[in-house]
Amino acid sequence: MDDLHDAEHERLSDVEADLADDFGEEGDTPLRRFVRGLRDLDEADVRAVGQYDGESFELLYLRDDIEAALEPDARTERVKTLVLKALGEPVNEPELDGYGDLNAVIRWFDEVVVAIYPHDEWSGAIATFDRANSPLVDLASKHLS
Numbered sequence: 481m482d483d484l485h486d487a488e489h490e491r492l493s494d495v496e497a498d499l500a501d502d503f504g505e506e507g508d509t510p511l512r513r514f515v516r517g518l519r520d521l522d523e524a525d526v527r528a529v530g531q532y533d534g535e536s537f538e539l540l541y542l543r544d545d546i547e548a549a550l551e552p553d554a555r556t557e558r559v560k561t562l563v564l565k566a567l568g569e570p571v572n573e574p575e576l577d578g579y580g581d582l583n584a585v586i587r588w589f590d591e592v593v594v595a596i597y598p599h600d601e602w603s604g605a606i607a608t609f610d611r612a613n614s615p616l617v618d619l620a621s622k623h624l625s
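Just so you know, we're using the numbering used here here: the sequence shown kicks off at 481 and counts up by one.
Since the hints were made in silico from the structure, they are not lab data.
Glycine included, every Cβ here is placed at the ideal spot set by N, Cα and C.
Hints are supplied without guarantee of correctness; some may be wrong.
[Unchecked claim] Distance ranges between label pairs, derived from CB positions:
1) Asp-544 to Arg-587: 19 to 27 Å
2) Asp-525 to Lys-565: 18 to 26 Å
3) Asp-610 to Pro-570: 34 to 42 Å
4) Asp-544 to Gly-580: 34 to 42 Å
5) Val-585 to Asp-610: 37 to 45 Å
6) Asp-577 to Glu-547: 23 to 31 Å
7) Glu-551 to Phe-589: 16 to 24 Å
8) Val-592 to Glu-535: 38 to 46 Å
9) Arg-611 to Thr-561: 13 to 21 Å
10) Asp-544 to Tyr-579: 34 to 42 Å
11) Arg-587 to Asp-545: 34 to 42 Å
Could you build all of it, start to finish, from the sequences and the hints given here?
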């Protein structure tokens, strides 16, 4: 796993070109829509954005308070866990063929939402968000808890 001490970009708007270039995304794909949508988000709610390819991971954006709160070794271990979770989600599942390809896996925690956006079996993007200000999560929690 790569050394993850520094994020490559300080602003979310700079992340879009990297992800689009690295995944060769053309057309209106889910990952491309996600990347495009980063520009519209309030950066205060986005904790981190990175991309994975096999066991390597590139941290593209990390909010300052998250960087300050996690020691580099703890951050590396957390990223390893997220990448392993991402690699454990097959993009195509024969039993669910009628559903199409898997576009995202969302994990809701008490404080954080983790979104995994696979590009193929071995690569994709991972983003983490503060759970506050997440209407979908809040509505589901209210009615399903």
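Hints and how they fare:
Between Asp-544 and Arg-587 the CB atoms are about 23 Å apart, so this pair conforms to the stated range of 19 to 27 Å. The hinted window of 18 to 26 Å between Asp-525 and Lys-565 holds, with their beta carbons roughly 21 Å apart. Separation of Asp-610 from Pro-570 is about 29 Å and departs from the stated range, judged on CB atoms against 34 to 42 Å. At about 38 Å, the CB distance of Asp-544 to Gly-580 agrees with the hint of 34 to 42 Å.
In this structure the hint that Val-585 and Asp-610 lie 37 to 45 Å apart at CB is violated, the actual value being about 18 Å. Hint check: Asp-577 to Glu-547, Cβ distance near 42 Å, so the stated range 23 to 31 Å is violated. Between Glu-551 and Phe-589, the C-beta spacing of about 20 Å keeps the proposed range 16 to 24 Å intact. Range check, Val-592 to Glu-535: about 23 Å between beta-carbon atoms, so the 38 to 46 Å window is missed.
Taking the beta carbon of each, Arg-611 and Thr-561 are about 18 Å apart, inside 13 to 21 Å as hinted. For Asp-544 and Tyr-579, the Cβ-Cβ distance of about 39 Å falls inside the hinted range of 34 to 42 Å, so the restraint holds. Arg-587 and Asp-545 have their C-beta atoms about 21 Å apart, which leaves the hinted 34 to 42 Å range violated.
In this structure, the hints that do not hold are numbers 3, 5, 6, 8, 11, in rising order.
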